[in-house]
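Dock chain B against the given chain A, drawing on the hints supplied.
What follows is each chain in one-letter form.
Number of protein chains: 2
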Amino acid sequence: MTLPPRMRALLLNDDGYSSKSSGALLEDMGSYVTLGDIEVPEPGPSQVLVKVSVAAINPSDVMFVKGLYGQPRQKGQPAGFEGVGTVVAAGAEPAAQRLVGQRIAFPTGRSNWGSWAEYAIAEAAACIPLMDGVKDTDGAAMIVNPLTALAMFGIVKEEGEKAFVLTAAASQLCKLLMGAAREEGYRPIAIVRRDDQIPLLEAAGAAHVLNTTAPDFADKLAKVMKAEQPRIFLDAVTGPLAGQIFAAMPKRARWIIYGRLDPETTPIPEPGQMIFMHKRVEGFWLTEWLRASPPERRVEVVKEAQKRFIDGRWSTDVTAVVPLEEAVAKVPGELAKPNGKVFITP
Amino acid sequence: MTLPPRMRALLLNDDGYSSKSSGALLEDMGSYVTLGDIEVPEPGPSQVLVKVSVAAINPSDVMFVKGLYGQPRQKGQPAGFEGVGTVVAAGAEPAAQRLVGQRIAFPTGRSNWGSWAEYAIAEAAACIPLMDGVKDTDGAAMIVNPLTALAMFGIVKEEGEKAFVLTAAASQLCKLLMGAAREEGYRPIAIVRRDDQIPLLEAAGAAHVLNTTAPDFADKLAKVMKAEQPRIFLDAVTGPLAGQIFAAMPKRARWIIYGRLDPETTPIPEPGQMIFMHKRVEGFWLTEWLRASPPERRVEVVKEAQKRFIDGRWSTDVTAVVPLEEAVAKVPGELAKPNGKVFITP
Chain A
1 MTLPPRMRAL LLNDDGYSSK SSGALLEDMG SYVTLGDIEV PEPGPSQVLV KVSVAAINPS
61 DVMFVKGLYG QPRQKGQPAG FEGVGTVVAA GAEPAAQRLV GQRIAFPTGR SNWGSWAEYA
121 IAEAAACIPL MDGVKDTDGA AMIVNPLTAL AMFGIVKEEG EKAFVLTAAA SQLCKLLMGA
181 AREEGYRPIA IVRRDDQIPL LEAAGAAHVL NTTAPDFADK LAKVMKAEQP RIFLDAVTGP
241 LAGQIFAAMP KRARWIIYGR LDPETTPIPE PGQMIFMHKR VEGFWLTEWL RASPPERRVE
301 VVKEAQKRFI DGRWSTDVTA VVPLEEAVAK VPGELAKPNG KVFITP
Chain B
347 MTLPPRMRAL LLNDDGYSSK SSGALLEDMG SYVTLGDIEV PEPGPSQVLV KVSVAAINPS
407 DVMFVKGLYG QPRQKGQPAG FEGVGTVVAA GAEPAAQRLV GQRIAFPTGR SNWGSWAEYA
467 IAEAAACIPL MDGVKDTDGA AMIVNPLTAL AMFGIVKEEG EKAFVLTAAA SQLCKLLMGA
527 AREEGYRPIA IVRRDDQIPL LEAAGAAHVL NTTAPDFADK LAKVMKAEQP RIFLDAVTGP
587 LAGQIFAAMP KRARWIIYGR LDPETTPIPE PGQMIFMHKR VEGFWLTEWL RASPPERRVE
647 VVKEAQKRFI DGRWSTDVTA VVPLEEAVAK VPGELAKPNG KVFITP
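Order-wise, the sequence lines are chains A and B. Residue 220 in the working numbering sits at position 220 of the first sequence, with consecutive numbering throughout. For any residue, its number in the working numbering is found by taking its place in the second sequence, counting from 1, and adding 346.
Treat the hints with care, as some may be off.
[To be verified] If you anchor each label on the Cβ, the simulated ranges turn out as follows: (1) B:Pro-641 / A:Pro-269: 31 to 39 Å; (2) B:Ala-471 / A:Ala-227: 37 to 45 Å; (3) A:Ala-227 / B:Lys-366: 24 to 32 Å; (4) A:Pro-199 / B:Asp-565: 53 to 61 Å.
Since the hints were derived computationally from the structure, they do not count as laboratory data. Predicted model only: the values in this text are computed from it and were never measured. Backbone N, C-alpha and C define an ideal beta-carbon position, used for all residues, glycine too.
This is chain A alone, in the form it adopts within the complex:
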């Protein structure tokens, strides 16, 4: 197969990190990436070159292009942490060679050759050959969200309480998590901002759905906390509302921050609760979880994710699949729509 020398890709405008405070909402894409031409990369010995079919846009991608993610940007390189595609070239190692010709889900990790491009680079060991029943849009979102969902559900299970709290609960990630949790008898308390999300989330597995904009939110929150006694608070939002939820939680509550949709200052409303109620604030980062977990655990989780997509227990709600050439213009508007996922196709 002959590869072209150059390709189209969404290239990072800036290097390193940003010092600007901002949330995970993509108000404008052209400030962060530019459509351009770049040479098609060559895979290293343990890597594969993937012809991208569909690439996902995750909240972590938005944070990354803004310079607010835990690894530095490299100006002029393609963005995009995951996608689905076909392996068209591979490094010398057998594990890489074995993948040539296969349809795979892939993470780009720290390769600096992201998935928002015609071709991307991935470590062979991290690629997942896809079974025939898996749709491209499911495969393109097979890694970041499912791994995060199952890893965080693992934290809930270790803590032992059946009930737990989720903000930004209408996200794909939370829907996957709630589905898995309900199967095992857990009771997600979903926090959302709109009434029309309530039936949707009840269907997705929530035991309670609370709307933060309802006038009786504080009362309802207090009642649900009292009845359910959740310990784990999985928070993608931060800001004053997250602080309010944490303050309403019972003894030994753990506020686990994994995203930051709200750029407002995040308060600890009652620091005395840290002392006398043994509450804690901590963070979750998939990269760190992967570093700290044994490789078998990752493989097991990825297998479980694929099975769930094939047998229909999980599915990806697609808001839009946007062509690469139109991404800068169209993605922010599509991302602003609630409840679904946006993809890019080269």
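Chain B only, in chain A's frame:
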């Protein structure tokens, strides 16, 4: 020995907890306790009755009388968590009987018969018979501060980094902690609010002393953090300044809140650090530490504290010893003076 039927004591004005936000500064004592008469209590089988010589005033007492501590107030009962005195009566159990006639340091714990009184009740098992070399003012402050200091120093040692950060560093507690830390080669970074505290804290064991009111505080803080890489932040203050210090700390920093001098809102200035730098916020409460630690550990720590006071490695800086009858009028003014401890004597 004949005991009087009634005694003088500082009695709590209110029940339960307060819903008012407030710090650990005692702006006025009469709002919280009133000098009055009450019957002399009778010790239970495992308890002793102590004729109080000197009672301590700790920040935890101030939080307690304000209704901001982790256990509820009982209206009309005496306040005061620790003191020194002579055992004048005891319950039937041998461990209690053995203490009769002895001079002891005692915690009142949850007996509801505090030390700011002519007589107090303590659990025999928690009392410490004092050697002759120990002064009354050292004995009266033998339990809460030394145990907290050594328990928190234990957290620093477990974490492994030599440097650690302390706010309200001119407190008795911090001076004890820094003295113990310096002996073992640890490097306390002391945060204070006045230049005249700098030589004092250098003498007490601080490797660095930073004044938060200095115009170059942020710069100095950044430099010291870079050079020393502290992981543990022992914070008695909270509020925006504590948030600023935590944000300046390196990866895997743990903000351990054990007091709340500043009633201002406490922010987490960079929630992204919880995700990408694995930072955490938690609390320390001596009561919880005692509950979770094996009894041998408590005995060992108390023995070590007494040795340190006898051999002069530790000493208590006394600001004032105020008669019980004058406490309501005089204690707030004496507590407002920096660097020393205030005691009450019946």
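For each hint, the structure was consulted:
no.: 1; hint: B:Pro-641 / A:Pro-269: 31 to 39 Å; in the structure: holds, 36 Å
no.: 2; hint: B:Ala-471 / A:Ala-227: 37 to 45 Å; in the structure: holds, 39 Å
no.: 3; hint: A:Ala-227 / B:Lys-366: 24 to 32 Å; in the structure: holds, 28 Å
no.: 4; hint: A:Pro-199 / B:Asp-565: 53 to 61 Å; in the structure: holds, 54 Å
Checked against the numbered hints listed earlier, the structure breaks none of them; every hint is satisfied.
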